[in-house]
Amino acid sequence: MKAPSLNPTDMAGMIEKSSAATVEPVERTMERLLEIASVKSVYDSPVQHGKNMIIPAAEVLGALGFGVGVGVGSGEYPDKEDAVEEGEGAEDEEKTSEPSEAGPGKKAPGIGGGGGGGGGGRVFARPVAIIVSGPDGVEVEPVVDATKIALAFFTALGFMVSMAARMRRGPSRQE
Amino acid sequence: MPFITIETQPGETIQAGRNKITPFSQAIKLILPGSRGGLVWNRPVSVLVQGADGGEQVLPVVDVTRIAQLVLFGIGLVGGVLFWLVKRR
Chain R
49 MKAPSLNPTD MAGMIEKSSA ATVEPVERTM ERLLEIASVK SVYDSPVQHG KNMIIPAAEV
109 LGALGFGVGV GVGSGEYPDK EDAVEEGEGA EDEEKTSEPS EAGPGKKAPG IGGGGGGGGG
169 GRVFARPVAI IVSGPDGVEV EPVVDATKIA LAFFTALGFM VSMAARMRRG PSRQE
Chain A
669 MPFITIETQP GETIQAGRNK ITPFSQAIKL ILPGSRGGLV WNRPVSVLVQ GADGGEQVLP
729 VVDVTRIAQL VLFGIGLVGG VLFWLVKRR
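Respectively, the protein sequence lines represent chains R and A. Going by our numbering, the first residue of the first sequence is number 49, and it counts up by one from there. Going by our numbering, the first residue of the second sequence is number 669, and it counts up by one from there.
Don't take every hint at face value.
[Unchecked claim] List of simulated lysine to aspartate or glutamate pairs, EDC-like, C-alpha gap at most 20 Å: (1) Lys688/A - Asp184/R; (2) Lys88/R - Glu675/A; (3) Lys88/R - Glu680/A.
Because the hints were derived from the structure by calculation, they are not lab data. Please read all numbers here as calculations on a predicted model, not as lab measurements.
Generate coordinates for the entire structure from the input sequences, incorporating the hints supplied.
Right, dumping it as structure tokens:
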């Protein structure tokens, strides 16, 4: 039997084809992530409200991560004749009745490859301020997120209370 | 492409009555080697206001929520350390 050989040109072609298929969507998504860095993603279009013009401003945070892998290999696999003998059915038996090059009970050389990838990401946006332009001039009005501040307050309070409680009962446990 | 980039960029100038407003944003880009992912944080920093008389004024965009959050976390941390120091004595 002839030993399985992998032509380097074929292998490079296979890797290139698999890489292109998996990397292309990744690159496209990366480009979209980098679009977040533009000024347009932070400042929205101005809105006319009476005599005032309002420009909303927001903070945008986007994160993405990917992983791709490509593999190509060569090896031996059981010949068709063997597969029939192992019970593939009578219909297949007729099709594979002719002896193959490798012969019955022999293994044939083969080349295979594949690739895959995965990833995830998220984009957060939060209003920060509004720019108001009126007859009196231009003002920047902050947008206060009371929920976030309340959460931060209770987190800080909880940390201090738990720290105080731990300090109070700490020595008694050690004794 | 560098691993981390920080850039402040101006947006399009908007005509608002007699004033011209140019917004500025600051983007922090963190790109993993091999373009395997990254992080982009973009926030408004200031607006440049040009009046009809030619006067210019820079108004900072202050993130009150972020400042309040940081102050509260700082108070929590300092409070915790103070409890620990008082108890140690």
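### Task
Could you tell me which of the hints above the structure violates, numbers in ascending order?
The structure breaks none of the hints.
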